[in-house]
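Once you have looked at the hints, place chain B on chain A.
There are 2 protein chains.
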Amino acid sequence: MPKTTFYYFNAKALGEPARLLLAYGNEQFEDRRVTMEEWPAVKQSMPFGQMPVLEIDGKKYGQSMAIARYLGHKHGLAGDSLEEALEIDQNADLLTDLRNEAISAHYESDEELKAKKHKENLKKVYPESLKKLDEIIKKNNGHLAAGKLTWADFVFACSFDYLKTMLQMPDLEQQYPSFKQLIDSVYASPSVKVYSEKSPKSEFGY
Amino acid sequence: MPKTTFYYFNAKALGEPARLLLAYGNEQFEDRRVTMEEWPAVKQSMPFGQMPVLEIDGKKYGQSMAIARYLGHKHGLAGDSLEEALEIDQNADLLTDLRNEAISAHYESDEELKAKKHKENLKKVYPESLKKLDEIIKKNNGHLAAGKLTWADFVFACSFDYLKTMLQMPDLEQQYPSFKQLIDSVYASPSVKVYSEKSPKSEFGY
Numbered sequence: 001m002p003k004t005t006f007y008y009f010n011a012k013a014l015g016e017p018a019r020l021l022l023a024y025g026n027e028q029f030e031d032r033r034v035t036m037e038e039w040p041a042v043k044q045s046m047p048f049g050q051m052p053v054l055e056i057d058g059k060k061y062g063q064s065m066a067i068a069r070y071l072g073h074k075h076g077l078a079g080d081s082l083e084e085a086l087e088i089d090q091n092a093d094l095l096t097d098l099r100n101e102a103i104s105a106h107y108e109s110d111e112e113l114k115a116k117k118h119k120e121n122l123k124k125v126y127p128e129s130l131k132k133l134d135e136i137i138k139k140n141n142g143h144l145a146a147g148k149l150t151w152a153d154f155v156f157a158c159s160f161d162y163l164k165t166m167l168q169m170p171d172l173e174q175q176y177p178s179f180k181q182l183i184d185s186v187y188a189s190p191s192v193k194v195y196s197e198k199s200p201k202s203e204f205g206y
Numbered sequence: 001m002p003k004t005t006f007y008y009f010n011a012k013a014l015g016e017p018a019r020l021l022l023a024y025g026n027e028q029f030e031d032r033r034v035t036m037e038e039w040p041a042v043k044q045s046m047p048f049g050q051m052p053v054l055e056i057d058g059k060k061y062g063q064s065m066a067i068a069r070y071l072g073h074k075h076g077l078a079g080d081s082l083e084e085a086l087e088i089d090q091n092a093d094l095l096t097d098l099r100n101e102a103i104s105a106h107y108e109s110d111e112e113l114k115a116k117k118h119k120e121n122l123k124k125v126y127p128e129s130l131k132k133l134d135e136i137i138k139k140n141n142g143h144l145a146a147g148k149l150t151w152a153d154f155v156f157a158c159s160f161d162y163l164k165t166m167l168q169m170p171d172l173e174q175q176y177p178s179f180k181q182l183i184d185s186v187y188a189s190p191s192v193k194v195y196s197e198k199s200p201k202s203e204f205g206y
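Protein chains in written order, with UniProt numbering: chain A, 1 to 206; chain B, 1 to 206.
If we strip away everything but chain A, and leave its shape as in the complex, we get:
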């Protein structure tokens, strides 16, 4: 059996989708949670100096979406045809685009500029993207694509707290009940439920 290690901070954020996809696939893996103290030294050994990283038999792979897609294909969560896989990728990218806009505003160091960006996004970017996601989920039986559970649902559900923090929308799932329905469908999987209940609590709150 290959040795698998997953490296990330003790946070859900961009790492939890891979952890829960590994749990869904009943894969044995070392859940390596790197502390902020360890990070400068660990960073040197990471392919692009970033995490999350999935290590399979000594080879390290980076990029959170690439990892989630890989695990999705491995565990039958990537559609039944090339066209379904494309639809999943497309809708996952819509989510990523939204998150990246929010991240870009959140990590702006100039406070005045940060407030300006966030205000612009609240007006022009977030409502349209959230409405689109809501429509998509309603059209896909409570899922992000292909009318069924896919790896993109794991990305949505497991990084939802991070998204809410970045968007500064703590009651997002109350505004969009379809989002709550999607999240519940991911955590309803027995092995996912077991893993998430026994896993360490995020230090960051998301």
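Heads up, a few of these hints could be off.
Put simply, identical chains are the same to the list, so a pair is met inside one copy or across any two.
[Said to hold, decoys possible] Listed below are the simulated DSBU-like cross-link pairs for lysine-lysine, each with C-alpha atoms no more than 35 Å apart in a straight line:
| # | residue 1 | residue 2 |
| --- | --- | --- |
| 1 | Lys114 | Lys59 |
| 2 | Lys60 | Lys124 |
| 3 | Lys117 | Lys74 |
| 4 | Lys198 | Lys131 |
| 5 | Lys116 | Lys59 |
| 6 | Lys138 | Lys193 |
| 7 | Lys148 | Lys116 |
| 8 | Lys3 | Lys193 |
| 9 | Lys74 | Lys59 |
| 10 | Lys114 | Lys131 |
| 11 | Lys119 | Lys43 |
| 12 | Lys3 | Lys132 |
| 13 | Lys59 | Lys201 |
| 14 | Lys3 | Lys139 |
| 15 | Lys123 | Lys198 |
| 16 | Lys124 | Lys198 |
| 17 | Lys119 | Lys164 |
| 18 | Lys119 | Lys60 |
| 19 | Lys138 | Lys3 |
| 20 | Lys124 | Lys139 |
| 21 | Lys114 | Lys43 |
| 22 | Lys132 | Lys59 |
| 23 | Lys74 | Lys148 |
Simulated from the structure, these hints should not be mistaken for lab results.
In this text, all values refer to a predicted model and were calculated from it rather than measured experimentally.
Positioned in the frame of chain A, the structure of chain B alone reads:
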């Protein structure tokens, strides 16, 4: 045979990888180049109000990277295993991250801020990413991943002029001969060569 239409502006930028992947696969497709005058009306019919869009038998798909990956899988350019596909996705995302940093600076409307962002990127972001890409290409026999021609090479080669414009580095391939080698390897494919020689000239210069 399915009817395939590819919608984009008369530019290479984010659209040309898909056009040349379609050409590589010898697919018949309508190369629909939307003018700026037509765009407001056409925009309404696009899944996320954006292009590029690939339409297959009446169903439209957006997101440039998702489309390129789909065509890569369809035409044998997506690796021979799930792990190779992961490596291709990972390295394509490294390129996308670099491009997105540059795009974010390029389209900043505040001129002062734009200059500041570009200067910061020139110091902190671009050199490291470009060095990493150079190392990767050298390690992969002149390709972006998996040691052979993949769809990620098409993304690199066909949007290279756009990348240079965003980075404001007109002599990028002189600085990195490995980039030139990769680009040449994509255009060396006979059907790609035929298509690119007869296709309309981009209105935007990239």
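Verification of the hints:
Proximity of Lys114 and Lys59 under a CA criterion of 35 Å is satisfied in neither setting, with 38 Å inside one chain copy and 39 Å between copies. Taking the closest pair of Cα atoms, Lys60 and Lys124 come within 35 Å of each other only across two copies (24 Å); inside a single copy the shortest separation is 38 Å, beyond that limit. Taking the shortest Cα distances, Lys117 and Lys74 never come within 35 Å of each other, neither inside one copy (39 Å) nor across copies (40 Å). Proximity of Lys198 and Lys131 under a CA criterion of 35 Å is satisfied intra-copy only: 34 Å inside one chain copy versus 41 Å between copies.
Taking the shortest Cα distances, Lys116 and Lys59 never come within 35 Å of each other, neither inside one copy (42 Å) nor across copies (38 Å). In the homo-oligomer, the alpha carbons of Lys138 and Lys193 lie at most 35 Å apart inside one protomer (24 Å), although the nearest pairing across protomers, at 44 Å, exceeds that limit. Within a single copy, Lys148 and Lys116 get their C-alpha atoms no closer than 38 Å, and across copies no closer than 45 Å, so neither meets the 35 Å cut-off. With identical chains, the CA atoms of Lys3 and Lys193 are at most 35 Å apart within one copy only, with a shortest distance of 23 Å there and 44 Å across copies.
For the identical chains of this complex, Lys74 and Lys59 are neighbours both inside a copy (17 Å) and across copies (27 Å), given an alpha-carbon limit of 35 Å. When the C-alpha separation of Lys114 and Lys131 is checked against a cutoff of 35 Å, the pair qualifies both within a copy, at 24 Å, and between copies, at 30 Å. Proximity of Lys119 and Lys43 under a CA criterion of 35 Å is satisfied in both settings, with 34 Å inside one chain copy and 25 Å between copies. For a Cα distance limit of 35 Å, the shortest separation of Lys3 from Lys132 across copies, 27 Å, qualifies, whereas the shortest one inside one copy, 40 Å, does not.
Only within a single protomer do Lys59 and Lys201 lie at most 35 Å apart by alpha-carbon distance; the minimum there is 28 Å, versus 43 Å between protomers. Only between protomers do Lys3 and Lys139 lie at most 35 Å apart by alpha-carbon distance; the minimum there is 25 Å, versus 39 Å within a single protomer. In this assembly of identical chains, the alpha carbons of Lys123 and Lys198 never lie at most 35 Å apart, being 39 Å within a copy and 43 Å across copies at closest. For the homomeric pair Lys124 and Lys198, neither the shortest alpha-carbon distance inside one copy (40 Å) nor that between copies (40 Å) is at most 35 Å.
In this assembly of identical chains, Lys119 and Lys164 lie within 35 Å of each other by CA distance both inside one copy and across copies; the values are 15 Å within and 31 Å between. For the homomeric pair Lys119 and Lys60, the shortest alpha-carbon distance between copies (32 Å) is at most 35 Å, but the shortest distance inside one copy (39 Å) is not. Within a single copy, Lys138 and Lys3 get their C-alpha atoms only as close as 39 Å, which misses the 35 Å cut-off; across copies the closest is 28 Å, which meets it. Taking identical chains as interchangeable, the C-alpha atoms of Lys124 and Lys139 lie at most 35 Å apart only when both belong to the same chain, with a minimum of 24 Å there against 43 Å between chains.
Taking the closest pair of Cα atoms, Lys114 and Lys43 come within 35 Å of each other both inside a single copy (28 Å) and across two copies (30 Å). Taking identical chains as interchangeable, the C-alpha atoms of Lys132 and Lys59 lie at most 35 Å apart only when they sit on different chains, with a minimum of 17 Å there against 38 Å within one chain. Taking the closest pair of Cα atoms, Lys74 and Lys148 come within 35 Å of each other both inside a single copy (16 Å) and across two copies (23 Å).
The structure is inconsistent with the numbered hints 1, 3, 5, 7, 15 and 16, although it conforms to all the rest.
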